[in-house]
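Student: Now for the letters of each chain:
2 protein chains.
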Amino acid sequence: MTTPTFSEDLQRVGDVPVTDAATAAASVNDDATLLVSGFGSVGDPKAVPLEIAKAAEAGERDPELTVVSGGSVGDPIDTALIQADAVARRYPYQARSAARTAVDDRSVAFADRGIAGLSDEVRFGRLVDPDIAVVEAVAVGHDWLVPSTSLGQTPGYVAAADELVVEVNAAQPVALGQFHDVYLTDAPPNRDPIPLSAPGDRIGDPFVRFDSEKLRAVVQTNEPDDPYKFREPTAADRAIADNVVQFLRTEADRDPVVADAPTLQFGVGSLGNALMGALADTELLNGDGPPLRYFGEVIQDGLLDILDTGRLAAASATSLALSADGQERLFAEPERYADRIVLRPSAVSNAPALIDRTGVVAINTAVAVDIYGHVNSTHLNATHVLNGVGGSVDFLRNAHCSIVATPATAADGDVSTVVPMVSHVDHTEHDIDVVVTEHGVADLRGCSPVERAERILRIADPAFRPDLRRYLDHARTSGGHVPHDLDRAFDWQR
Amino acid sequence: MTTPTFSEDLQRVGDVPVTDAATAAASVNDDATLLVSGFGSVGDPKAVPLEIAKAAEAGERDPELTVVSGGSVGDPIDTALIQADAVARRYPYQARSAARTAVDDRSVAFADRGIAGLSDEVRFGRLVDPDIAVVEAVAVGHDWLVPSTSLGQTPGYVAAADELVVEVNAAQPVALGQFHDVYLTDAPPNRDPIPLSAPGDRIGDPFVRFDSEKLRAVVQTNEPDDPYKFREPTAADRAIADNVVQFLRTEADRDPVVADAPTLQFGVGSLGNALMGALADTELLNGDGPPLRYFGEVIQDGLLDILDTGRLAAASATSLALSADGQERLFAEPERYADRIVLRPSAVSNAPALIDRTGVVAINTAVAVDIYGHVNSTHLNATHVLNGVGGSVDFLRNAHCSIVATPATAADGDVSTVVPMVSHVDHTEHDIDVVVTEHGVADLRGCSPVERAERILRIADPAFRPDLRRYLDHARTSGGHVPHDLDRAFDWQR
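Chains as they are written, first to last, in my numbering: chain Y, 1 to 494; chain L, 1001 to 1494.
Just chain Y, same shape as in the assembly (with noise of 0.2 Å):
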């Protein structure tokens, strides 16, 4: 083929024959392993899911499907699917109340995946056996297709299942395909490294392949993304904001590899979005210091800000999970951002071995941090999920320096995000750095258990402060590496 233009002008389905929704929501057997575009809350299909969940709502089919998505995807998938009963099991992320009230009553079953490993864990039978890929895209060929708002693990999907189903989203615009960079890795054993020298770089192609005789339907859809809403930053967020920006001017002052290239990625989320908007308002590195780098899993709306101050060099994502307002301003004016902005699949944008060459500062949020710098990402009260992993394991654990950023409180105040013992482990202690609160900055590194303590109490919320230091010193009459009163050690979370 050659290589497609990205103009309005390109035909968006090419030499293959249109259906309609319901009639390729018939190829998606009742027990199928069905793999989704869509990473976070973008470019997931939503025409063929809908149909799947009104018929399974009809009572005209009973489906039992196994579905594994990129990342979080939208309602078609995680509401209504999920509320007509339709799915059985659920990989690897989900972000809507419908989809966490189903894996919290245990009926889906829910495995929680990091994102780096999951293309593979797909292609290699490592967790499931795919039957077929339901994917979005702004345009399609006879074995090609271009990606939406999303790249996430599409690629590899793709690659993965027997058959295709291709959604053409009209609502998303074709100039999209200037952002994708697809490249699929080879498989082990000696696989070769990913050839990606810097976050800007491009190693692949803006469409994906694969082999037409997969292809059983293609959609057409006009139906835009119900992306991300952020809230609007807190006095808490700001504060941290200003602590993270203050913490990485002092590693730049000492670390070579932070003031030569000072390369970030934040999580998804409000938190993260605001941290993006502090250093769009402020110099990272005072005077000459070069550009930043974003190398991540998601583009939200604060990196836009922030690119448009042209402070940033180049954005490496998997996911343009911006807000609607976000979307306008990108689908607005493509090309302002399209040379700095490059799309990855997720096997790619959250490599360990990328985020490792390319020296990357992480800085993503938490449930809850215990005093030894172990960290809840993901479940209250031990038992309760919230969303997911995510991408956080894979950037805190392989990043040059993993920032943990948290309000010290939750609900209202209510509630200590610091606590004696997290009930739920995410991210160990091996693996977390710092840990920075609207009360300051905790620098773990090098420090022993107690050490550790003696730090995060001092960014604790002072009304919770006493508490936690009369647990540690009660802990630590008793002895022991890590000082713990196993007895008390989850009082507060009980």
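Just so you know, the hints here were simulated from the structure itself, not pulled from any lab data. Take the hints with a grain of salt, since some may be wrong.
[To be verified] Covered stretches of chain L (in silico footprint by chain Y; criterion: 3 or more residues with CB under 8 Å from a CB of chain Y, positions within the stretch not fixed):
| hint | region |
| --- | --- |
| 1 | 1026-1039 |
| 2 | 1078-1085 |
| 3 | 1096-1110 |
| 4 | 1164-1176 |
| 5 | 1356-1363 |
| 6 | 1388-1397 |
| 7 | 1484-1494 |
[To be verified] Negatives, chain Y to chain L, calculated, CB over 12 Å:
| hint | residue |
| --- | --- |
| 8 | THR5 |
| 9 | ASP30 |
| 10 | GLN83 |
| 11 | ASP181 |
| 12 | LEU215 |
| 13 | PRO233 |
| 14 | ALA236 |
| 15 | GLU333 |
| 16 | ARG340 |
| 17 | ASP412 |
| 18 | GLY440 |
| 19 | ILE459 |
From a predicted model like this one, the values you see are computed outputs, not experimental measurements. Heads up, the beta-carbon is just placed ideally off N, CA and C, and yes, glycines get one too.
Following the hints, position chain L against chain Y.
Tutor: Then chain L, alone, in the frame of chain Y:
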């Protein structure tokens, strides 16, 4: 320099002045950050640490050293120096009772670190500001040295330290030079990938180069390592080994990555050694399958057994962590093994990218596993440290398949290693694919937490299964994705 030939004719000390250990010890300041060679309890410096300990015991000096080793080291550091109260801080691992006691009573500040990233942490100022490296060698020149029985973090530490002391140990054969493949990764950002394609490849030199200005002293010693002692395999060890072998055979039937190039890693210790021995006694892949490959951290005696059968194509590690018998066997005929054993810096042997690219099946042991698949490798009752997390964290996270193998009981059957909730998490549910005990194999891949619990219960010790069943059934009555009762979760540890 010309490449040494590693015959016994090689001049062990080139054109550099030699001094005595007491003089060399004086070049280590009392407040120094001291980097030492050694990994797997072998290849550590012996004379200089003993001289510092002696002077401290005699009240001639009052050291408050920060000691950073590659991995575990022998008695001169982790017994003599510790007992002389000469160590204030210790990283990243310890495996002697004197060190364990000091860490546990917090007279030594210990930070438990993984292995793969440690050289980077030291080189790039994220853990310590290193002053002096003391390393063991089999030969030294004015700007090169040939390490002895372990390579470990030596290349990174020699590069990072301001000053260097070399102990040339006549008890270590010069022929050890044949095993080393020294490759120093460059610095992030924009770091190149490690150019290794297969476990047996060589990409570096047999010697560590250094800036000749750094060399403070060369000391001659003649002191064998005091290496691991492996216990005889128990009945449980043998049953676990049988279960692992059976699982690997099943995997090879369905997974071409395992069938085409079965690549294994085993954790340090008696169980790992027993597993290696079991694989020497049986063909993993019946018939004409390809030979095994080993991409791990340590060469233990059992690996020599497999090498002797001809069924192991190559073994890559960072340490010859052999028993005294194993050393004798290797030292008697180094040429017999030299073309199939490669010792690499730990930053290469444990590199996440290489564990991924070579398709490693990683098999590591545990202190305890909980019913949802979280693993404790390091602490008893949350507080008391054993050795450290070591390389298990590198391999279990990044492997193609991650197996935790443990006897179902400890303390002569009095304690279940399968518990409702582990009281210290070193490896999260996100990383563990399979748990093996003497009672069977629990394949957790794709399972929801409750499904994992059902599988893990089936391989717990039969005497403890009813209690585990009661806990699970009680916890699941109250709902939640990961059913727990925080009032009772630690009943077994309390």
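Student: All hints, please: hold or fail.
Tutor: Tested hints:
Under a criterion of three residues with beta carbons nearer than 8 Å to beta carbons of chain Y, the stated coverage of the region 1026-1039 of chain L fails, only 0 such residues being counted. A stretch counts as covered by a chain when three or more of its residues have a beta carbon under 8 Å from one of that chain; for the region 1078-1085 of chain L and chain Y the count is 0, and the coverage is violated. With a cut-off of 8 Å between beta carbons, the region 1096-1110 of chain L has 6 residues touching chain Y; three or more are needed, and the interface restraint holds. Coverage of the region 1164-1176 of chain L by chain Y is violated in this model, with 0 residues showing a Cβ closer than 8 Å to a Cβ of that chain against a need of three.
For the region 1356-1363 of chain L, the stated coverage by chain Y is satisfied: 4 residues place a CB nearer than 8 Å to a CB of that chain, which reaches the threshold of 3. Given as covered by chain Y, the region 1388-1397 of chain L passes the check, having 3 residues with a CB less than 8 Å from a CB of that chain where 3 are the minimum. Only residues whose beta carbon comes within less than 8 Å of a beta carbon in chain Y count, and the region 1484-1494 of chain L has 7; three or more means the coverage holds. Distance to chain L confirms Y/THR5 as a non-interface residue, since its nearest Cβ pair spans about 31 Å, more than 12 Å.
With 12 Å as the threshold on Cβ separation, the claim that Y/ASP30 sits away from chain L holds: the shortest Cβ distance comes to roughly 19 Å. Its beta-carbon lying about 18 Å from the closest one in chain L, Y/GLN83 satisfies the requirement of being farther than 12 Å from that chain. Against the 12 Å criterion, Y/ASP181 stays outside the reach of chain L, whose nearest CB is about 17 Å from its own CB. Distance check for Y/LEU215 against chain L: the nearest CB is about 25 Å away, which clears 12 Å, and the non-interface claim stands.
Under the 12 Å C-beta cut-off, the non-interface status given to Y/PRO233 relative to chain L holds; the minimum distance is some 29 Å. Once the 12 Å rule is applied to beta carbons, Y/ALA236 is consistent with being away from chain L; the minimum gap is 27 Å. Here Y/GLU333 stays apart from chain L, with its beta-carbon at least about 29 Å from theirs, past the 12 Å limit. Residue-level check passed: Y/ARG340 sits 17 Å from the nearest beta carbon of chain L, beyond 12 Å.
Y/ASP412, annotated as away from the interface, keeps every beta carbon of chain L farther than 12 Å; the closest lies near 23 Å. No beta-carbon of chain L is positioned within 12 Å of the beta-carbon of Y/GLY440; the least distance is around 20 Å. For Y/ILE459, the condition that its CB be more than 12 Å from all CB atoms of chain L holds, with the nearest at approximately 19 Å.
Violated hints for the displayed structure, listed by number in ascending order: 1, 2 and 4.
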